[in-house]
Structures are given as C-alpha cells and as structure tokens.
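As given, the protein sequences belong to chains A and B, one line each in that order. Sequential numbering from 295 applies to the first sequence in the numbering used here. Sequential numbering from 295 applies to the second sequence in the numbering used here.
These are computed hints drawn from the structure, not numbers from a lab. Among these hints, one or two may not hold up.
Repeated chains share a single entry, so a pair holds when one copy, or any two copies, can fit it.
Here are the computed lysine to aspartate or glutamate pairs in the DMTMM-like style, where the Cα-Cα straight-line distance is at most 25 angstroms [to be verified]:
hint, residue 1, residue 2
1, K613, E415
2, K466, E583
3, K512, E576
4, K467, D403
5, K512, E571
6, K467, D514
7, K512, E572
8, K512, D566
9, K613, D369
10, K613, D559
11, K512, E469
12, K512, E577
13, K467, E400
14, K512, E298
15, K613, E418
16, K512, E400
17, K512, E563
18, K613, D332
19, K512, E301
20, K613, E463
21, K512, D369
22, K613, E571
All values derive from a computational prediction rather than experimental measurement.
There are 2 protein chains.
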Amino acid sequence: MIPETLEYIDNQLLLIDQTRLPAEVVTFRCDSVEHVHDAIYRLVVRGAPAIGIAAAYGVCLAERGCRNAYLAAMDYLATSRPTAVNLFWALDRMRARLEGCASDHELHDALVHEAITIHNEDREMCRSIGIQGASLLRNCHCFLTHCNAGGLATSTRGTALAPIYQLYEEGKKVEVFADETRPLLQGARLTAWELSQAGVPVTVLTDSMAGGLMRSGKIDAVIVGADRIARNGDVANKIGTYPLAVLAHYHRIPFYVAAPTSTFDVSLETGDAIPIEERNREEVAYQGERLVVPVAANVMNPAFDVTPANLITGIITEKGSLRAPIQSIESEFVSVMD
Amino acid sequence: MIPETLEYIDNQLLLIDQTRLPAEVVTFRCDSVEHVHDAIYRLVVRGAPAIGIAAAYGVCLAERGCRNAYLAAMDYLATSRPTAVNLFWALDRMRARLEGCASDHELHDALVHEAITIHNEDREMCRSIGIQGASLLRNCHCFLTHCNAGGLATSTRGTALAPIYQLYEEGKKVEVFADETRPLLQGARLTAWELSQAGVPVTVLTDSMAGGLMRSGKIDAVIVGADRIARNGDVANKIGTYPLAVLAHYHRIPFYVAAPTSTFDVSLETGDAIPIEERNREEVAYQGERLVVPVAANVMNPAFDVTPANLITGIITEKGSLRAPIQSIESEFVSVMD
Numbered sequence: 295m296i297p298e299t300l301e302y303i304d305n306q307l308l309l310i311d312q313t314r315l316p317a318e319v320v321t322f323r324c325d326s327v328e329h330v331h332d333a334i335y336r337l338v339v340r341g342a343p344a345i346g347i348a349a350a351y352g353v354c355l356a357e358r359g360c361r362n363a364y365l366a367a368m369d370y371l372a373t374s375r376p377t378a379v380n381l382f383w384a385l386d387r388m389r390a391r392l393e394g395c396a397s398d399h400e401l402h403d404a405l406v407h408e409a410i411t412i413h414n415e416d417r418e419m420c421r422s423i424g425i426q427g428a429s430l431l432r433n434c435h436c437f438l439t440h441c442n443a444g445g446l447a448t449s450t451r452g453t454a455l456a457p458i459y460q461l462y463e464e465g466k467k468v469e470v471f472a473d474e475t476r477p478l479l480q481g482a483r484l485t486a487w488e489l490s491q492a493g494v495p496v497t498v499l500t501d502s503m504a505g506g507l508m509r510s511g512k513i514d515a516v517i518v519g520a521d522r523i524a525r526n527g528d529v530a531n532k533i534g535t536y537p538l539a540v541l542a543h544y545h546r547i548p549f550y551v552a553a554p555t556s557t558f559d560v561s562l563e564t565g566d567a568i569p570i571e572e573r574n575r576e577e578v579a580y581q582g583e584r585l586v587v588p589v590a591a592n593v594m595n596p597a598f599d600v601t602p603a604n605l606i607t608g609i610i611t612e613k614g615s616l617r618a619p620i621q622s623i624e625s626e627f628v629s630v631m632d
Numbered sequence: 295m296i297p298e299t300l301e302y303i304d305n306q307l308l309l310i311d312q313t314r315l316p317a318e319v320v321t322f323r324c325d326s327v328e329h330v331h332d333a334i335y336r337l338v339v340r341g342a343p344a345i346g347i348a349a350a351y352g353v354c355l356a357e358r359g360c361r362n363a364y365l366a367a368m369d370y371l372a373t374s375r376p377t378a379v380n381l382f383w384a385l386d387r388m389r390a391r392l393e394g395c396a397s398d399h400e401l402h403d404a405l406v407h408e409a410i411t412i413h414n415e416d417r418e419m420c421r422s423i424g425i426q427g428a429s430l431l432r433n434c435h436c437f438l439t440h441c442n443a444g445g446l447a448t449s450t451r452g453t454a455l456a457p458i459y460q461l462y463e464e465g466k467k468v469e470v471f472a473d474e475t476r477p478l479l480q481g482a483r484l485t486a487w488e489l490s491q492a493g494v495p496v497t498v499l500t501d502s503m504a505g506g507l508m509r510s511g512k513i514d515a516v517i518v519g520a521d522r523i524a525r526n527g528d529v530a531n532k533i534g535t536y537p538l539a540v541l542a543h544y545h546r547i548p549f550y551v552a553a554p555t556s557t558f559d560v561s562l563e564t565g566d567a568i569p570i571e572e573r574n575r576e577e578v579a580y581q582g583e584r585l586v587v588p589v590a591a592n593v594m595n596p597a598f599d600v601t602p603a604n605l606i607t608g609i610i611t612e613k614g615s616l617r618a619p620i621q622s623i624e625s626e627f628v629s630v631m632d
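Using the sequences and the hints given, assemble the complete structure.
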C-alpha cells in the first residue's frame, strides 16, 4: 500500500517519522503547535507540499477558538523552515480563512476545513499527475528516478512517482531503479522505502551507477521531480538531475519531469536565473560521526542543478503535459493551465 | 610533499594506514609476514601496485635465510587479497628470485634486492606516466578525477595523479576536483588527502555534482586510472568512470586515462569481455552502523564500469600515449611498447 505521509485524526496530526526511515517505521504524533514545529524543523516531515499541509494542520492545534493563539501559531510555524515557499503559502491560506471568519466559535471548524482542503487539493494534484503521466508512459516498464519526488514529499503518491504508482495500480508491470542521491540519500532512504511498501520492485544504486545502467539498455524512461521551472522550461531539481538528463540524451532514453504547475516560475526567463542554494560542507564531509574528507580539502555542495529544456522529453503536470521541444512554459501555459 | 605509501627501513615495512585516513595519519609498522598479510587484508595498503610491493617486502620478513619460511610466506601472502593480479605477479617474481639463488645465506639480500627493484620500477613507471601526461596536459589547469589512482595506490605519485603532480612541480598552476566515489569514498578519503598533503588545491564533490561542474566550464580535462584495458582500447575502471566519459564528451572536455602498459589485456577483444565484480549490498546499504536502504529493496553494486574507446581522448602510459581515435591497443602497442 502507498503510505499516507500525514493523517489528521482526533485533533492529532500523525506523521511518518522520516528521520527514522528506513530502519524503523514510527508514527510521530503531534497534539500541539510546538510538536508540529519540531517535526518540520527536524525533517520528521519534509518535501514542500507535505510541509505546507503539516503546517496547516499545525495551526489547528492552537488553543481552540482563540484568534490570537491561531495567529501566534502561524507566526511560529513560519519559522520552522525559513526557505520553504509552500510553508508560507499554506500559512497565508490559513490566515485568510481566519480573517474571513467573523465568529470566534466557528474558527476551529473553519481552520480544520481549510487544512483538509489543502490536503485534498494536494492528493488531487498527485493523482492527476499520475494519470497524465501514465498515459504518456504506458509503454515503459523500467524507470530510473532520483531523490524523492514521491508520496513522502507530498500527501501521498508524489509527483515523479505518481505515474509509476498509477501504472502499477492499472496492473502494468513496472520496476524502479532509485539513485541513492548523495549527500542526503533521499533516494535510498525514502524512495526505496515507499515503493517497496507499495509493492513496486525497487533497486537502489549509487548515483555513479546510473550511466552504466542506462548503457545496459535496461531503462525505458527517466522520471524526476522539480523544485522550480523557469519560463523557457529549464528545470532546477536535486543535484544530480542534470547529469542524468545528459546520460539519458546520450543513450536516447526519454527524460521526463513531473511537477505541479505551482512549480512554474514565469518570472524567471531561463534556468540560469534560478538561485542555487550552497549547503554546508558537513553533509559531504561526514558520514555520521566519521570524517571522510580531509580538513585541508575544499568541499562543494550545491543543493540543486539546472537541466536545460532541450534535454527534457516532457514535463508532466496535473493539468496536462508539455512535450519536447519545450520552447516556453508561458506560450504553452495557456493550453496547459486551462 | 607527496606522501610515500611504503617504506622499507631497518627490516620493517612502514605503511601509511589508509583505513585511518583522512581523520588520522598513522604509520602501520610491519615486522612480520603476518603483519603484512593483515595490512593487505584489512586495506591498510590498497591499490594493485602498492599491494604487490607490500607483498614483496612481506616475503623478506620471514625467518632470515630459511628457504622454506620464504616459500611459506609467499603462499600465505597470496591469500591476503584473492583477486589482486599484481599481488600474484610480485610474489611470482620473488619466487623466481628465490629459486635462482643457490646459496641460502645470500637469500635474504637477494629477496630484499628484488623487492626494492619492484618498488623502484613502480616509482619509475609513475614518474614516467607523469612526464608523458604532463606534456599532453600542459595547457590544462583544472582537472576532474575519480576514485584514487594516486600515490596511495602505488609507490608514490600514482597514475592519474602523476601528470598533475608533475605539472605542479614544474610550477604550473593546477587545481583538482575529486569525485568522492561512492560507495567506498576513495576520492574523498584518499585522493583529497594526498593532493592536499602535496599542496595541490583540491575540492571534493559528490559523484552527482560532476555534470553541473562540467557545465559551468570550469573543468579543462578529466583524468582517471584504469583497472584493465581491452585490445580495442575499452577501459574498465571504478564504477562512475563511464558516466564521466559521456559527460565529458557532451561538454567537449578531453577525457584521459592514465595507466601502466601492464594494465593492457590483449587477450580481451573488447571491454564487453571484462568481467565486472558485483560487490556486497552492505557497502551501499549501510553508512557505518546506520541502515540507509530498506531491507525490502534490492541493491546493485558493480565495482567497475566499462568506458568504450570512442569516448577516450587519450591513454597515457609510461611508454607514451595513445591518442584518439583509439582503434586497437595491439596495433598501437608496438610503437608504444618500444
């Protein structure tokens, strides 16, 4: 079964504790705003859509019916992951709902309703990407993916993994190769876990093995998520995505990006304008307590890379797919967005 | 200063303990055959040429002047790493020397002399690859390398790193980017350590970052070692080498292999005939004690991949260089080997 990343039951937010995966499957129960803040801060829940949903439910755990407590919860939760756009977006929706509600004793129900709506919209988005993608990938059996653009990053089903789950549920034979995705190993820890939970055969490889695997002829399609998509169709995604696109191009393997239209940023002309976060050296230089890079050596640790549109076979969204050659998100936007 | 991997002083073999790098620099002192066996078995010393040299010195540590003790040492040391061709080759040379020596009281000196000869030949080979490579790479400033084909795998200077050390010593400005090289991190732990010891600026990156780095225009040449080279010029090397060759090709960056002619295996027509060792899942599935791949997922862990000759700009050997297009090692062999 495809796991549920978040559940809101009896005024508790239940999360799969992603810091304990894959060694242990533990439910992290939040019955206070502080618990939810802690869960987001410590990456118990991660992935932009999942963080947004968790924060929305988190607001509902403030003192019942107390307008000021809800507002304080929003401010506090906004500090849990300073760069997560979906977090602010979800909290803004909760705030608007609060402000639109005149009666204090209706506040709780209104906010819970809004959080459930955000949650359901995400489910719907994932399911729709799955259906759109499955129609495109109907003849593919063996997929390569990178990082975790799966159910654990969203409500369930994910973006890049959604078409694979869809094909699997339709009874198609599917198989996934998951890059481990250094330095934080989201592919090994999370993608491999959720796929195996769902019953989809999955094989983990180091990022350096993807080239040889493609050369062997085993891979029918590469499918990845996206962090941001510029107006010309260039895609920023987890570091290691770009070399996969080049390798897929060299081996004539189709390369797909699956992402909600909310990932489109038409304010950016090309991918070169996307800022790339440089993360700390410790993520590369240590494995747990063990030092693996000498102190005298430099370390580079960009979180993302940019894949130019010309290497992308298609961008799968919840509203349809853009097919190569991708010239401009904007010009194709109209048909896709309608 | 470029570190010395092995030194034989006062009837002791001194090794840099590579299992402790880069956190600690510790000398591992061997004064018995058992110590040397242990050092090879536990990867205190690794890299085919370095293992061969260590085993040769190891024989010299048997009971002085006792023919049977020397023969027993050879048999015992041959069990330290079952697949290391250089190990058997070095022990065969020691055995031939033993058999050619009629007088028991000359045995010790004869064997030490042979081990020193093997050691010196390796030094000479590395220095020569360095000189051959430096003449080819004179206009390159910034190198990308993979795994450790450096001094720590040989007597000193290495194969892929030898031209870089040579250029550095000639006063050229050089800089190295070292892939960490999952799963065993030889690039992060060993290449970065020895280059920084020698004063060469080095930056460690995860294997997945090499593509974006090449796209940035920073890399002038890729240079790697080789485990085996087939007759048509196909190269087997550490897993992750092949995707680097494809990425270099796509970015029009020259891709060089540096290896002694002893790496040529003319009995193999193409790289497809090179057997690829599949290693255990634990190397990928664990980081120290920490499980990072769920038990239900498969793991692939090939130790090597094969880079076809058409992606290689040049093969640098101690006897000269083969330049693209590399058609056949055999036909070019004559000029190179002479």
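Evaluated hints:
In this homomeric assembly, K613 and E415 come within 25 angstroms of each other (Cα to Cα) only inside a single copy, at 13 angstroms, whereas the closest approach across copies is 67 angstroms. Taking the shortest Cα distances, K466 and E583 never come within 25 angstroms of each other, neither inside one copy (43 angstroms) nor across copies (37 angstroms). When the C-alpha separation of K512 and E576 is checked against a cutoff of 25 angstroms, the pair qualifies only between copies, where the shortest distance is 23 angstroms, while the shortest distance within a copy is 35 angstroms. Proximity of K467 to D403 under the C-alpha cut-off of 25 angstroms is found in neither arrangement, the shortest distances being 44 angstroms within a copy and 67 angstroms between copies.
For a Cα distance limit of 25 angstroms, the shortest separation of K512 from E571 across copies, 19 angstroms, qualifies, whereas the shortest one inside one copy, 33 angstroms, does not. Taking the shortest Cα distances, K467 and D514 sit within 25 angstroms of each other inside one copy (13 angstroms), while across copies they are farther apart (44 angstroms). For the identical chains of this complex, K512 and E572 are inter-copy neighbours only, at 17 angstroms across copies versus 34 angstroms inside a copy, given an alpha-carbon limit of 25 angstroms. For the homomeric pair K512 and D566, the shortest alpha-carbon distance between copies (16 angstroms) is at most 25 angstroms, but the shortest distance inside one copy (33 angstroms) is not.
Proximity of K613 to D369 under the C-alpha cut-off of 25 angstroms is found in neither arrangement, the shortest distances being 33 angstroms within a copy and 69 angstroms between copies. Taking CA atoms no more than 25 angstroms apart as the test, K613 paired with D559 passes inside one copy only; the shortest distance there is 16 angstroms, against 56 angstroms between copies. When the C-alpha separation of K512 and E469 is checked against a cutoff of 25 angstroms, the pair qualifies only within one copy, where the shortest distance is 10 angstroms, while the shortest distance between copies is 37 angstroms. Only between protomers do K512 and E577 lie at most 25 angstroms apart by alpha-carbon distance; the minimum there is 23 angstroms, versus 32 angstroms within a single protomer.
When the C-alpha separation of K467 and E400 is checked against a cutoff of 25 angstroms, the pair qualifies neither within a copy, at 49 angstroms, nor between copies, at 70 angstroms. For a Cα distance limit of 25 angstroms, the shortest separation of K512 from E298 qualifies neither inside one copy, at 31 angstroms, nor across copies, at 44 angstroms. For the identical chains of this complex, K613 and E418 are intra-copy neighbours only, at 11 angstroms inside a copy versus 65 angstroms across copies, given an alpha-carbon limit of 25 angstroms. In the homo-oligomer, the alpha carbons of K512 and E400 never lie at most 25 angstroms apart, since the shortest distance is 57 angstroms inside one protomer and 60 angstroms across protomers.
Taking the closest pair of Cα atoms, K512 and E563 come within 25 angstroms of each other only across two copies (24 angstroms); inside a single copy the shortest separation is 36 angstroms, beyond that limit. In this assembly of identical chains, K613 and D332 lie within 25 angstroms of each other by CA distance neither inside one copy nor across copies; the values are 34 angstroms within and 62 angstroms between. Within a single copy, K512 and E301 get their C-alpha atoms no closer than 37 angstroms, and across copies no closer than 47 angstroms, so neither meets the 25 angstroms cut-off. Within a single copy, K613 and E463 get their C-alpha atoms as close as 21 angstroms, which meets the 25 angstroms cut-off; across copies the closest is 60 angstroms, which misses it.
Neither within a single protomer nor between protomers do K512 and D369 lie at most 25 angstroms apart by alpha-carbon distance, with minima of 49 angstroms and 43 angstroms respectively. Within a single copy, K613 and E571 get their C-alpha atoms no closer than 29 angstroms, and across copies no closer than 46 angstroms, so neither meets the 25 angstroms cut-off.
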